[in-house]
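2 protein chains.
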Amino acid sequence: MENFNFYSPTYFEFGKDKENNAGKLVKRFGGSKVLIHYGGGSVVRSGLLDRVKTSLNKEKISFVELGGVMPNPRSGLVYEGIDLCRKENVDFILAVGGGSSIDSAKAIAIGVPYEGDFWDFYQGKRIDKALPVATVLTIAAAGSEASLSSVITHENGMVKRGTGSDKIRPVFSILNPALTQTLPPYQTACGATDMFAHVLERYFTNTRNVEITDRLCEGIMLTILSETPKAIANPDDYDARANIMWAGMVAHNDICGVGREQDWGTHQLEHELSALYDVAHGAGLAVMFPAWLKYNQKHDVMRYAQFATRVMGCQMNFENPEITAREGITRFETFLKSIGMPVRFNELGAKKDDIPSLISMLKLNGRTVGSFVKLNEKDIEAIYKLAADN
Amino acid sequence: MENFNFYSPTYFEFGKDKENNAGKLVKRFGGSKVLIHYGGGSVVRSGLLDRVKTSLNKEKISFVELGGVMPNPRSGLVYEGIDLCRKENVDFILAVGGGSSIDSAKAIAIGVPYEGDFWDFYQGKRIDKALPVATVLTIAAAGSEASLSSVITHENGMVKRGTGSDKIRPVFSILNPALTQTLPPYQTACGATDMFAHVLERYFTNTRNVEITDRLCEGIMLTILSETPKAIANPDDYDARANIMWAGMVAHNDICGVGREQDWGTHQLEHELSALYDVAHGAGLAVMFPAWLKYNQKHDVMRYAQFATRVMGCQMNFENPEITAREGITRFETFLKSIGMPVRFNELGAKKDDIPSLISMLKLNGRTVGSFVKLNEKDIEAIYKLAADN
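Those protein sequences? They're chains S and V, same order as listed. Residue 67 in numbering that gives the first Met the number 0 sits at position 68 of the first sequence; the count goes up by one each step and never skips. Residue 149 in numbering that gives the first Met the number 0 sits at position 150 of the second sequence; the count goes up by one each step and never skips.
A couple of the hints might just be wrong.
As the list claims (entries may be wrong) - No farther apart than 25 Å at their CA atoms in a straight line, the calculated lysine-lysine pairs in the BS3-like style are these: (1) V:LYS350 to S:LYS166; (2) V:LYS293 to S:LYS128; (3) S:LYS59 to S:LYS32; (4) S:LYS166 to V:LYS124; (5) V:LYS351 to V:LYS293; (6) S:LYS166 to V:LYS26; (7) S:LYS229 to S:LYS32; (8) V:LYS166 to S:LYS26; (9) S:LYS26 to V:LYS128; (10) S:LYS128 to S:LYS26; (11) S:LYS23 to V:LYS124; (12) V:LYS350 to V:LYS377; (13) S:LYS86 to S:LYS166; (14) S:LYS23 to V:LYS166; (15) V:LYS59 to S:LYS124; (16) V:LYS128 to S:LYS23; (17) S:LYS128 to V:LYS373.
It is worth saying that the hints were derived from the structure and are not from the lab.
Build out the structure end to end from the sequences listed, making use of the hints.
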C-alpha cells in the first residue's frame with residue numbers, strides 16, 4: 000500500500016426534507032451573505048429553491064441568486080458569478096443542483112478572492128483561498144458534493160479542464176434522495192455510470208495488496224449494479240435512490256481510492272468527447288470505459304478476472320482467466336446497455352472522423368494519459384476507434 | 000434507508016514515517032502548547048516518543064508529557080491530566096498510542112474547559128466544548144482515531160462508561176502501519192476482533208434496503224478475514240498491517256453504519272466483562288459475539304444467511320437457510336479461534352458464577368439492551384450462559 004493523506008471534512012445531512020435545514024447550516028458554517036447558484040428551471044418549478052430561500056429567511060441570512068448553469072458548466076457564468084459576489088459582498092456560495100452547479104459554484108468560490116483570472120487555477124495554479132461552498136444536491140452522480148474537484152469548460156475554444164483543492168471541498172452537503180425521484184431514466188443512468196466510472200478509475204491500478212480499498216470499490220460497484228435498475232424501473236423507489244445517492248458520494252470522496260495509484264485516463268478521453276459534442280459526461284463515459292477496458296485487458300488479466308468475478312458475478316475460469324476477464328467487460332457493457340446508456344460513438348452522435356480532432360484537443364505534446372497503462376497517442380487513437388466501431 | 004447525518008472531518012496522514020509530521024500538523028491545526036499523552040514504555044523504547052518530540056521541537060511547539068495510560072483507561076489519570084493541562088496552559092492534546100491512550104486523551108480534552116467533574120459527560124451530560132485532540136496511532140483496533148467516542152473506567156466502583164461528541168473527533172490522526180509491526184499476535188488478534196465487532200454492531204439491523212452500507216460492511220469484514228492471518232503469521236507484513244489499520248478506521252468512523260438502526264448490545268455486555276476481569280476488550284468481544292449471534296439467529300435468518308454467504312464464504316442452502324445461518328456463526332467462531340482468540344468464559348478467566356454480578360453491573364432497571372433484538376434481563380442471562388458454556 001502506498002502512503003496517502005485522506006481528508007473528507009464535509010458535514011452531511013442525508014434524508015427526507017433535509018433541505019429545510021439549509022439556513023441553519025449556513026449559519027453554523029459562518030455564512031452571512033449567500034450566493035444561491037443553480038441551473039435550469041427544475042429547482043424553481045419543484046419548489047426546492049423556495050424551500051431553501053425560506054430556510055435562509057428563517058435564519059435572517061440574506062442572499063442573491065444566479066441561475067442558468069448548463070451541463071458541462073461554462074466559464075461565462077463563472078465570471079458573472081464572481082462579479083456578482085464581489086458587488087454584493089457575498090461570503091458563502093450555496094450550490095443547489097447537480098455536479099454542474101456545484102462545479103460552477105466551486106469556480107466562483109476560488110475566483111472571488113483572487114485578483115487574476117479564475118481560469119489560472121484550471122491551468123495548474125495552486126488554490127490557496129476560496130469562499131466556503133456548500134451544496135443542496137439534486138442529482139446523484141458526480142460526487143462533487145464531497146470532492147475537492149471542479150471541471151469547467153472555457154468558452155474560448157471549448158476547452159474542458161479540471162482543478163482540485165481541499166479549499167473547495169463543500170463545508171456541508173444536503174442530500175435528499177427524494178429530490179432525485181423526478182430525474183428521468185436517462186439522467187439517472189448517466190449519473191450511475193459516472194459514479195461507477197469514478198470507482199473504476201481507482202480500481203484498475205498497478206498497486207498491489209490494497210485489499211481494503213479493493214473491497215470498498217467492489218462494494219460500491221455492486222450497489223450501483225443492484226440499485227440502478229430499480230430506480231429506472233420505478234423512479235419513486237426512495238431506497239434505491241438513497242443507495243445510489245450515497246454511493247455517488249463514497250465513489251468520489253476517495254475513501255475507495257486511498258493507498259493506490261489511480262488512473263483517470265478514461266476521464267481525460269471522455270472530457271474531450273463531451274467538450275466537442277456537449278453530451279452528458281456519464282453517457283460519454285459509458286462509451287469510453289468499455290473501450291478502455293478492452294484495449295488494456297492484457298496488461299493485468301488477473302485484475303480483470305477479479306473485477307469479473309467479484310463485481311460482475313462471473314464464474315472464475317481457472318484454466319483460462321482471459322475468458323473470465325473478457326466476460327467481465329461484456330457483462331459491464333451489457334449492464335450499461337440495459338440501463339439505456341450508449342456504448343458506441345454513433346449512439347452518442349460522435350463521429351469516427353473526429354478522432355484526430357479529439358486527440359489534438361488533448362494537447363498531448365508527447366505526454367501520456369493514465370497510469371494503469373500509460374497511453375500514448377497511438378494507444379489513445381486505438382481506444383477511440385474501439386469506442387467508434389459498431 | 001433512515002435519515003442520517005455523517006461527519007468525519009479528521010485529517011489523516013497514513014504511511015511510513017508519517018509520525019515525523021506531527022509537529023507540522025499540530026501547528027496547522029492551531030496547537031501551541033501540547034500535552035503528549037501515552038501509555039506504557041513501548042512508545043518510549045521504540046523511539047516513537049522521541050521522534051514525535053523532535054518533530055514538535057522542530058516547529059518550536061512546547062509540550063508536557065503524561066504517560067501511564069492502562070488498557071481500559073481509568074479516571075484517575077484523566078483527573079491528573081486535566082490538572083496538568085490547566086497548570087501548564089495546554090491548548091492541544093496529542094495521544095500517542097492505541098485506543099486507550101486516545102480515549103483517555105479525549106476525556107482530558109473535555110475535562111479541561113469544564114468546571115465540574117469530567118465524569119458527568121460519561122453519565123449523559125452533553126459535550127459542548129473540548130480542547131482539540133489528535134493522535135499518533137500505534138495499535139489498529141478501536142477506531143478511536145476517527146470516532147466521536149471515548150470509554151473510561153471510573154475507579155470508584157470500576158464502572159465502565161462511554162461518551163461521544165463531534166467535539167472530540169481527532170482533528171488529525173497519523174497512522175503508520177509499520178508502528179504496529181511490533182504488536183504481538185494476541186494483541187493483533189484482539190484489535191482485529193474489535194474492528195470486526197464494530198462492523199457487526201452495524202450490520203445486524205432491522206433497517207431494510209441499505210445495500211450501500213451492507214456492502215461497505217461486508218468489504219471491511221472480508222478485509223479483516225483475509226489480512227489478519229497474514230499479520231499473525233508474519234508480523235512484519237507491512238501491507239497486511241496497513242490494510243488492517245485502515246480497516247479499523249473505516250469500521251468505526253460510521254461510513255459503514257449510516258442510514259440504519261445500529262445495535263451495540265454486545266459492546267454493552269462486553270464492557271461489564273472487561274470491567275470485572277480487566278481483560279482486553281477485543282478478547283471479551285470474541286467471547287460475547289458468537290454467543291450473541293447464536294442467541295438471536297431466529298430473529299432474522301436471511302440476514303444471518305447473507306452474512307454467512309457474502310462474508311464467511313458459505314454456500315447458500317436455499318432449501319434450509321437456517322443451516323447457512325448457523326454455518327456462518329460456526330465459521331466466524333472458527334476464525335476467531337484460528338487467530339488465537341478466546342471464545343468462552345473459561346479461556347478468558349471469567350466465571351459462570353459471576354453472571355449475576357455482570358447483570359447487576361449493567362444497572363438495567365427494566366431497560367433493554369441493543370436494538371436488533373431488544374434484550375431483557377432473561378435474554379442477557381442466556382447470552383452470558385452461552386458464552387460461559389463449553
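Comparing the hints with the structure gives:
A distance of roughly 55 Å separates the Cα atoms of LYS350 (chain V) and LYS166 (chain S); the hinted pair therefore is violated under the 25 Å criterion. Taking the CA atoms of LYS293 (chain V) and LYS128 (chain S), the gap is near 55 Å; set against the 25 Å cutoff, the hint is violated. Between LYS59 (chain S) and LYS32 (chain S) the alpha-carbon distance is near 10 Å, which keeps this suggested pair within the 25 Å criterion. Taken as a hint, the LYS166 (chain S) and LYS124 (chain V) pair is broken in the structure, with Cα atoms around 34 Å apart against an allowance of 25 Å.
A hinted pair counts as satisfied when its Cα atoms are at most 25 Å apart, and LYS351 (chain V) with LYS293 (chain V) qualifies at roughly 18 Å. Note on LYS166 (chain S) and LYS26 (chain V): the hinted pairing holds, with a Cα-Cα distance of about 18 Å set against a maximum of 25 Å. Using a Cα cut-off of 25 Å, the hinted pair LYS229 (chain S) and LYS32 (chain S) is violated, with the two alpha carbons roughly 40 Å apart. Annotation: proposed proximity of LYS166 (chain V) to LYS26 (chain S) holds, straight-line Cα distance about 18 Å (limit 25 Å).
With a C-alpha separation of about 19 Å, the suggested pair LYS26 (chain S) and LYS128 (chain V) falls inside the 25 Å cut-off, and the hint holds. This hinted pair checks out: LYS128 (chain S) and LYS26 (chain S) have alpha carbons roughly 20 Å apart, not beyond 25 Å. Distance check on the hinted pair: LYS23 (chain S) and LYS124 (chain V) sit about 24 Å apart at the alpha-carbon level, within 25 Å; holds. Pair hint LYS350 (chain V) plus LYS377 (chain V) holds up; C-alpha atoms about 18 Å apart against a cutoff of 25 Å.
As the CA atoms of LYS86 (chain S) and LYS166 (chain S) are separated by approximately 22 Å, the hinted pair is consistent with the 25 Å bound. Restraint check for LYS23 (chain S) and LYS166 (chain V): satisfied, since their Cα atoms lie roughly 19 Å apart, inside the 25 Å limit. Simply put, LYS59 (chain V) and LYS124 (chain S) have alpha-carbon atoms about 31 Å apart, too far for the 25 Å limit, and the pair is violated. This hinted pair checks out: LYS128 (chain V) and LYS23 (chain S) have alpha carbons roughly 20 Å apart, not beyond 25 Å.
For the suggested pair LYS128 (chain S) and LYS373 (chain V), the alpha carbons sit about 50 Å apart, so the restraint of at most 25 Å is broken.
Of the hints listed earlier, those the structure fails to meet are numbers 1, 2, 4, 7, 15, 17, in rising order.
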